[in-house]
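There are 2 protein chains.
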Amino acid sequence: MKIVTGGITAVPGILAAGVAAGLKKGSALDLALIFSEREAAVAGVFTTNTVVAPPLILDRRRLRRGKGRAIIVNSGNANACTGRQGYADAVAMAALTASALGVSPADVYVGSTGVIGKPLSMEKIKAAIPLLAARLHRRGGEDAARAIMTTDTTVKTAAASDTVGGRTVTVGGIAKGSGMIHPNMATMLAYLATDAQVPQAVLQRGLRQATAQSFNRIPVDGDTSTNDMMLCMANGMAGNRPWKPGSIDARRFQALLDHVCLDLAKKIVWDGEGATKFVELCVKGARTEADALRAAVTIATSSLVKTAWFGEDANWGRIMAALGRSGARVVEDRIAIMVGPIQIVRRGMGLGPDVEKRANTVMKSREFSVTVDLGSGHAKATVWTTDLTVDYIKINASYRS
Amino acid sequence: MKIVTGGITAVPGILAAGVAAGLKKGSALDLALIFSEREAAVAGVFTTNTVVAPPLILDRRRLRRGKGRAIIVNSGNANACTGRQGYADAVAMAALTASALGVSPADVYVGSTGVIGKPLSMEKIKAAIPLLAARLHRRGGEDAARAIMTTDTTVKTAAASDTVGGRTVTVGGIAKGSGMIHPNMATMLAYLATDAQVPQAVLQRGLRQATAQSFNRIPVDGDTSTNDMMLCMANGMAGNRPWKPGSIDARRFQALLDHVCLDLAKKIVWDGEGATKFVELCVKGARTEADALRAAVTIATSSLVKTAWFGEDANWGRIMAALGRSGARVVEDRIAIMVGPIQIVRRGMGLGPDVEKRANTVMKSREFSVTVDLGSGHAKATVWTTDLTVDYIKINASYRS
Chain X
228 MKIVTGGITA VPGILAAGVA AGLKKGSALD LALIFSEREA AVAGVFTTNT
278 VVAPPLILDR RRLRRGKGRA IIVNSGNANA CTGRQGYADA VAMAALTASA
328 LGVSPADVYV GSTGVIGKPL SMEKIKAAIP LLAARLHRRG GEDAARAIMT
378 TDTTVKTAAA SDTVGGRTVT VGGIAKGSGM IHPNMATMLA YLATDAQVPQ
428 AVLQRGLRQA TAQSFNRIPV DGDTSTNDMM LCMANGMAGN RPWKPGSIDA
478 RRFQALLDHV CLDLAKKIVW DGEGATKFVE LCVKGARTEA DALRAAVTIA
528 TSSLVKTAWF GEDANWGRIM AALGRSGARV VEDRIAIMVG PIQIVRRGMG
578 LGPDVEKRAN TVMKSREFSV TVDLGSGHAK ATVWTTDLTV DYIKINASYR
628 S
Chain V
228 MKIVTGGITA VPGILAAGVA AGLKKGSALD LALIFSEREA AVAGVFTTNT
278 VVAPPLILDR RRLRRGKGRA IIVNSGNANA CTGRQGYADA VAMAALTASA
328 LGVSPADVYV GSTGVIGKPL SMEKIKAAIP LLAARLHRRG GEDAARAIMT
378 TDTTVKTAAA SDTVGGRTVT VGGIAKGSGM IHPNMATMLA YLATDAQVPQ
428 AVLQRGLRQA TAQSFNRIPV DGDTSTNDMM LCMANGMAGN RPWKPGSIDA
478 RRFQALLDHV CLDLAKKIVW DGEGATKFVE LCVKGARTEA DALRAAVTIA
528 TSSLVKTAWF GEDANWGRIM AALGRSGARV VEDRIAIMVG PIQIVRRGMG
578 LGPDVEKRAN TVMKSREFSV TVDLGSGHAK ATVWTTDLTV DYIKINASYR
628 S
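Protein chains in written order, with this note's numbering: chain X, 228 to 628; chain V, 228 to 628.
If we strip away everything but chain X, and leave its shape as in the complex, we get (with noise of 0.2 Å):
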């Protein structure tokens, strides 16, 4: 595999582009456009709230058939929980898209982001749209990348390639999303795209199968959004072979959405709001890898753990006590903690106040890992996380002020 610059437009016959349409404040780019010069089979993975914004259920119905050409992102409002008129607005985005690239409106998907129950100012995103498609580029993917920001402060691309079916083939992305990151989908847009021909059926499995080990894998807050959701088209225009399941090259292309997945999950937890640091959570030695799953969530969803982190504090009574109500099955004097090489709990009790300090000297880089072992069993599972920090709070408290 190989890592390759450019997000979403490395892929051949993929065109993007973001504008300002006004919806937010200042002049920053809020209006995004993806575009595939060849139909493209379309698979797409969306939030578990069941509170879902009308541009979704307008997606959702556009995958029954599974094909489509272009996706038309909007930050600044996510036009959720705005009832019939949100809807009519949705389907009015994509006809506009559509008209103005000469495709079909059914080939046209749209997503929204950003403040919840303002209805959409659609005379902005009308006056728009021609702009945005004479924009498109090839190397559009990080203007759309930009556009579909909200509290992110970083652009979020990735993209890499490898020899699949006697060709090489691409797989590109971007995405944002930096709080209300939650295993399931959390408010956070990931845009793939690939040259790969492939059935659709694949791509979907494919798509759930890199979701549940990077955007789901990312507990930040606990918050789950209405509008999360993760679309690929894939173009064909690799030309590559058909291969089998199971096959070497059936692996590679996995790996490859798998890596661009992880890429992009990893950058939101990097950009989560307020963070002050990045925490590979490990926790192993578990009877099932739902329970390793349970035990790592409650651990990076708990705001105790997640404040003593943010005080560089290897206070591990706060993960044992997470740990206790996670559901899983943990027996307390099996457990052995560790913060990046130093051990600070064995057989369920502290290693005393020496190790703890050398374990505080690790908690002061950006990164590091803690590794929690059940000593039950040998399912693991990792999750990536931050610390919750003053300035969360302060995001957070004037979002909309």
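Keep in mind that the hints were calculated from the coordinates and are not lab data.
Any given hint could be a false lead.
Copies of the same chain are indistinguishable here, so a pair counts whether it falls within one copy or spans any two.
[Said to hold, decoys possible] Below, computed lysine-lysine pairings styled on DSS-like, alpha-carbon distance capped at 30 Å: (1) LYS351 with LYS471; (2) LYS252 with LYS584; (3) LYS591 with LYS351; (4) LYS252 with LYS591; (5) LYS494 with LYS511; (6) LYS252 with LYS294; (7) LYS621 with LYS494.
Please read these numbers as outputs of a predicted model, since none were measured by experiment.
Since the structure of chain X is provided, determine the placement of chain V on it from the hints.
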């Protein structure tokens, strides 16, 4: 029912004291004793965390007999994750107390709260117990309440009396807790006493019922401790007639337990770490009470909802998003939301910036209510919680340093 002063020592035959044993820094009270002049029936409720501190393991064993005379509690050290030595220390605390009081060790219950994972300083406790026993006093309730505090900033006591079974019966209590508060008895200690003559099984049932509507309704930060416990001693000194289930006397006694538990629970919420808002959150119109409670707890523990409260921002979209992921059955276009008397959402949609501004004004108070009507049934649940603030982070990042 009559509200009375004196906390747990408002109850005839109950003495209490608090001394500084040196477990906390400086000369803060950190060792509490509650003593019943007559043998009492004892009932208890414990943490649901599977990592359980040694004193609770001891108390659960004691409770099989359902009788007791005294409760000794230290703050400054949770005696949790301390293994066999921790259990031996809890046993020794009980034995030393029993010896100072001239009662059987089997009649002494033990509680601990504070940092997890550090051995108890048994010499300090041993040295302090004789003084503690000598200080027992009919007005010692407040000293005992002060001696069980950790990050608490206020002393928490409550008491009430009523005519039950032909006599005046009093229920009094003390509690501590300000962080790690979550349904199912989060780090929270509560000790109650009553002079009612009541069978242990009736007391146990009554205590569970009171807990379900009070201490289990105060989700603050989502964490659950290894040390939560509540005990109630009933010494029978009121000499009341027994009562039958469902009788007026039964209801009056339950009302006393309910009142004392809810009063203490609300005081814990008021003292939430760094909290600037006290929020009474009611979810009504649910299909079942379990659904109502699920929705209320999800809202009350959402970092995004809580930071918006801190920002005095009626950002109802975050409440909608929390409802959608709560697991409760919700129909988006039936949801109504009120902040105090101001309705801000009708049929799942916002009622505009003017009403939101009025709601923001309501939120400037130290205390306000939020009501969510799911419009789907007749069940409801109320919880009490706080906002999530910059000071919460500061307190918990630096707790051990």
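Comparing the hints with the structure gives:
no. : hint               : result
1   : LYS351 with LYS471 : neither (47 Å within a copy, 71 Å between copies)
2   : LYS252 with LYS584 : between (46 Å within a copy, 20 Å between copies)
3   : LYS591 with LYS351 : neither (46 Å within a copy, 35 Å between copies)
4   : LYS252 with LYS591 : between (36 Å within a copy, 27 Å between copies)
5   : LYS494 with LYS511 : within (24 Å within a copy, 40 Å between copies)
6   : LYS252 with LYS294 : neither (35 Å within a copy, 68 Å between copies)
7   : LYS621 with LYS494 : both (21 Å within a copy, 26 Å between copies)
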